[in-house]
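Protein chains: 2
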Amino acid sequence: MIYRKLHKDQHCEARTGQIHLPHGNVDTPVFMPVGTNASVKAVRLEDLFSMGVQLILGNTYHLYLRPGMDVIQKFGGLHGFNNWNGNILTDSGGYQVFSLAPFRKVTNEGVEFRSHIDGSKHFLTPEKVVGIQEILNSDIQMVLDVCTEPGISHKSAREALEITTSWALRAKNSWETTTETYQGKLFGIVQGNFYEDLRARSAEELSALDLPGYAIGGLSVGEPFDQFQHYLAFTAPLLPGGKPRYLMGVGTPEYILEAIEHGIDMFDCVFPTRVARNGTLFTDHGRLVLKNQRYEYDTRPVSEHSPTAAYSRSYLRHLFKAGEMLGPMLASLHNLWFLKKLVEDSRRAIHENRFLEFKRSFLDLYSMGIPD
Amino acid sequence: MIYRKLHKDQHCEARTGQIHLPHGNVDTPVFMPVGTNASVKAVRLEDLFSMGVQLILGNTYHLYLRPGMDVIQKFGGLHGFNNWNGNILTDSGGYQVFSLAPFRKVTNEGVEFRSHIDGSKHFLTPEKVVGIQEILNSDIQMVLDVCTEPGISHKSAREALEITTSWALRAKNSWETTTETYQGKLFGIVQGNFYEDLRARSAEELSALDLPGYAIGGLSVGEPFDQFQHYLAFTAPLLPGGKPRYLMGVGTPEYILEAIEHGIDMFDCVFPTRVARNGTLFTDHGRLVLKNQRYEYDTRPVSEHSPTAAYSRSYLRHLFKAGEMLGPMLASLHNLWFLKKLVEDSRRAIHENRFLEFKRSFLDLYSMGIPD
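Protein chains in written order, with numbering that gives the first Met the number 0: chain A, 0 to 371; chain B, 0 to 371.
Careful, some of the hints might be misleading.
[To be verified] The calculated lysine-lysine pairs, modelled on DSBU-like cross-linking and capped at a C-alpha distance of 35 Å, are:
no.: 1; chain 1: B; residue 1: K290; chain 2: B; residue 2: K320
no.: 2; chain 1: B; residue 1: K127; chain 2: A; residue 2: K320
no.: 3; chain 1: A; residue 1: K339; chain 2: B; residue 2: K73
no.: 4; chain 1: B; residue 1: K320; chain 2: A; residue 2: K73
[What the hints assert, rightly or not] Label pairs and their in silico Cβ distance ranges:
no.: 5; chain 1: B; residue 1: G51; chain 2: A; residue 2: G23; range: 30 to 36 Å
no.: 6; chain 1: A; residue 1: R299; chain 2: B; residue 2: E351; range: 49 to 55 Å
no.: 7; chain 1: A; residue 1: S155; chain 2: B; residue 2: G368; range: 57 to 63 Å
no.: 8; chain 1: B; residue 1: M68; chain 2: A; residue 2: M68; range: 53 to 59 Å
no.: 9; chain 1: A; residue 1: S155; chain 2: B; residue 2: F48; range: 53 to 59 Å
no.: 10; chain 1: A; residue 1: D363; chain 2: B; residue 2: I116; range: 39 to 45 Å
no.: 11; chain 1: A; residue 1: R347; chain 2: B; residue 2: Y181; range: 48 to 54 Å
no.: 12; chain 1: B; residue 1: T177; chain 2: A; residue 2: R359; range: 54 to 60 Å
no.: 13; chain 1: A; residue 1: R113; chain 2: B; residue 2: D363; range: 46 to 52 Å
no.: 14; chain 1: B; residue 1: F122; chain 2: A; residue 2: H304; range: 41 to 47 Å
no.: 15; chain 1: B; residue 1: D371; chain 2: A; residue 2: G130; range: 29 to 35 Å
no.: 16; chain 1: B; residue 1: F122; chain 2: A; residue 2: T298; range: 26 to 32 Å
no.: 17; chain 1: A; residue 1: E148; chain 2: B; residue 2: N291; range: 38 to 44 Å
no.: 18; chain 1: B; residue 1: Y181; chain 2: A; residue 2: P223; range: 57 to 63 Å
Just so you know, these hints were derived from the structure itself, not from any lab.
Every residue gets a Cβ at the ideal spot worked out from N, C-alpha and C, and that includes glycine.
Starting from the given sequences, assemble the full structure and let the hints guide the process.
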């Protein structure tokens, strides 16, 4: 077992714990910065390490296409390539094939697709994806899954789910034959679209495979917040309680807190760094949009405890107005720091059985808007 | 006197020294990183400070247009605005009006121009430019000058020079009436295009003003290297020896070493950071172009002692191929480090009276190309 629960809040499902991984322990709940192309955009990994980040993401689809596995293999894996000595979770590429590739065709055997970079044709199978992630030396690797969009028929969602389950089994068999030196853990991904029976079936079939951890995929894909809440509340309890639970694609304070309340341990999203590059920063009072005129003369920092506290809102605004790269650099660091602080504060609140109260007061303040 | 000479090489004009400025001493020869918009592009100023950088540039033209003086004034100057506690030299804007503004008209009184940002009309005078740089709290400020392009007639060059001299006098008078709390030093700029008699006249007229330091402008503007050499060798000795000598717009190892040999103390250029953003890095063996295929599998760092030594050429190349901002970030830091090391090595060589030998062996290696 790689997961050890430390404390469950008495008033909800929120819990603290620790995941034991080849590159060190990870305290949960945890937000994982996304480093799609072996780089967390506009951020130096040393800065994340200094900030106490224990786990970042990489992406199989992107890294397989560029720089390619032969390059990564020269470095003995992704850690050697991007000089990150913490843990790395790699997504399987299932979602990227679904969302980025200009062409894809799913069969029982695997998925054929064209690269969004150069149009070249590729074929991935669950076994091949395990092998790629072994080369990446991923501390956590995800099974290849079939992602579907909201609004599809029950029949289509069921078919996708059935393939996903069969691929998970094949991935497990393949993962069990990886070399002894490879110590990465395989996580399953619960799909089922927005159908309760399919979510339940997926969770049940995957749980039976007894994988080291489980993720919920296909949520937070554009559906209304109450639908997200509903399916989160429905699906989370179906995942094994003694293993890490990962909700994929969640990266705003509202969604993260909702997920923590329902016993989710891990989250990731490009959102914090993506909006940072446009000058939108998380604060206790909500999102601060730096380009707003009101900050032109504002000598205060965005947040007093942020790693960007030495810089004023006025200066940060100027950097974005002038198109200076330092703007995205500082804003990205800030947003990752903010989410790190959010999960740390959550952990503290859980230990004191006051997570619901913490969540409510955080969201009350967060919805108030930036004071003058 | 703000300049103290430490040692002159016995075999050439190269010299080491120290400039005493409001934000600390500056060891010379010095390369000054350019922070046009109150930011050295893609670099955090803390990293430059840690690297031992004592003096960076800002630009009056850019800062006057954006964020504007009313913003900077709120911070008591540029140091408060961009959180840089070392020294700042600001260029007067003369060169930018000449090279960036879509319209300009020089009269004896000053220069009218349109902003390259929004087309708005502005009028700068030597007095106004001193005042702007006082608000910026520049440790070194430059006089407003009239820049000219290579190839103009002697008459046009003379007329520009005459205005430049008259503006320098007006700037001096204005600078002498700045507030007591403002401790910045005013430097003159020798112009004269590519006419020896005009260079001599400019140097003589400006020297007579007894300003704290002097720059050579209008060199390294696209002319052939031997013409640059000739006018450098001709002009440098005409500047007062007891004051800092600054050659504007020089930022490659070849030009820097040539300048040092002729007794120049200060240089600046956007070149090192500009080419870094395209993936071109200075090394002892010449410029390394990261996008080159040959580095695809190269596990070695660009340079073992660089602040980017933890990263391989292969990884840096990948960052540029993938369009990751971390590429420009690391490359910019590297190039600034490289030039800092170059001037430090030069200083050491000067102290030991072997600068010419150092220059020759550096350039020999630098012209050899990157070994396999």
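(message) Hint by hint, where does the structure go against what was stated? Just the numbers, ascending.
(response) none
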